Amino acid sequence: QKEVEQNSGPLSVPEGAIASLNCTYSDRGSQSFFWYRQYSGKSPELIMFIYSNGDKEDGRFTAQLNKASQYVSLLIRDSQPSDSATYLCAVRRSNDYKLSFGAGTTVTVRA
Amino acid sequence: DAGVIQSPRHEVTEMGQEVTLRCKPISGHDYLFWYRQTMMRGLELLIYFNNNVPIDDSGMPEDRFSAKMPNASFSTLKIQPSEPRDSAVYFCASSLLIINTGELFFGEGSRLTVL
Chain S
4 QKEVEQNSGP LSVPEGAIAS LNCTYSDRGS QSFFWYRQYS GKSPELIMFI
54 YSNGDKEDGR FTAQLNKASQ YVSLLIRDSQ PSDSATYLCA VRRSNDYKLS
104 FGAGTTVTVR A
Chain A
5 DAGVIQSPRH EVTEMGQEVT LRCKPISGHD YLFWYRQTMM RGLELLIYFN
55 NNVPIDDSGM PEDRFSAKMP NASFSTLKIQ PSEPRDSAVY FCASSLLIIN
105 TGELFFGEGS RLTVL
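Protein sequences appear in the order of chains S and A. Numbering follows the working numbering, with no gaps: position 94 of the first sequence is 97. Numbering follows the working numbering, with no gaps: position 97 of the second sequence is 101.
No wet-lab data here; the hints were simulated from the structure. Remember, it's a predicted structure, so these values are computed and weren't measured experimentally. Positions of the beta carbon are idealized from the N, C-alpha and C atoms, including for glycine. Among the hints, erroneous ones may be present.
What the hints assert, rightly or not - Within a straight-line C-alpha distance of at most 30 Å, the following computed DSS-like cross-link-like pairs (lysine-lysine) qualify:
1) S:LYS5 <-> A:LYS72
2) S:LYS59 <-> S:LYS70
3) A:LYS82 <-> S:LYS5
4) S:LYS70 <-> S:LYS5
5) A:LYS72 <-> S:LYS45
6) A:LYS72 <-> A:LYS82
7) A:LYS28 <-> A:LYS82
8) S:LYS5 <-> S:LYS59
9) A:LYS72 <-> A:LYS28
10) A:LYS28 <-> S:LYS45
11) S:LYS45 <-> S:LYS5
12) A:LYS82 <-> S:LYS45
13) S:LYS59 <-> S:LYS45
What the hints assert, rightly or not - Which chain A residues face chain S? A few, computed with CB under 7 Å, are given here:
14) GLY46
15) LEU47
16) LEU49
17) TYR52
18) PHE78
19) ASP90
20) GLY106
21) GLU112
22) GLY113
Work the whole structure out from these sequences, hints included.
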């Protein structure tokens with residue numbers, strides 16, 4: 004079982020719609036959860052992090068965490084063509100400082 | 005403020021040759037990570053350092069790979085001898101523990117092609 008798994012893409016959504024990305028992790032000791040965005044040919048950049056169960060909102064982005072289900076999600080509201088990228092879920096365990104990344108989900112927003 | 009700087013940006017070499025990738029982390033950051041990204045395997049952690057000391061090198065594929073961090077402002081990842089399956093984008097990233105957001109600042113990557 005992979006440490007971090009993401010729903011397979013690619014995900015295509017029309018402009019203005021909600022894009023929903025899912026991620027599950029295997030280690031119950033994981034404490035910190037991150038969403039990185041990676042444009043084609045570029046390096047990953049952090050867009051959201053969440054530590055506690057529940058929702059965390061930042062602009063058009065909402066991260067949701069359910070530790071009991073070992074599940075993290077990212078919602079992108081009012082999707083824009085500039086949101087077209089690969090979104091990487093990353094997890095950090097409490098006794099470690101390294102980040103383990105999922106394979107990523109590629110999102111395409113159709114104008 | 006300069007970000008993480010990697011060199012070379014692109015490297016094409018032949019199988020069996022030695023490859024050295026270089027990284028300058030953000031000044032003041034105390035963690036440095038080397039990741040490798042391929043279509044098949046995604047973003048894999050190879051090794052990371054804390055205050056120039058290697059903490060976890062369990063992701064280093066085999067003895068052909070080695071990494072050093074002689075000082076706080078410089079790290080190298082060396083592959084000797086290189087093989088075609090080493091072709092990938094190698095990212096260096098740095099982080100500052102005290103911020104504790106877990107944010108890694110990535111360099112632009114070094115794209116390695118081994119023929």
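- Sort out which numbered hints this structure fails and list those numbers smallest first. Violated: hints 18, 19.
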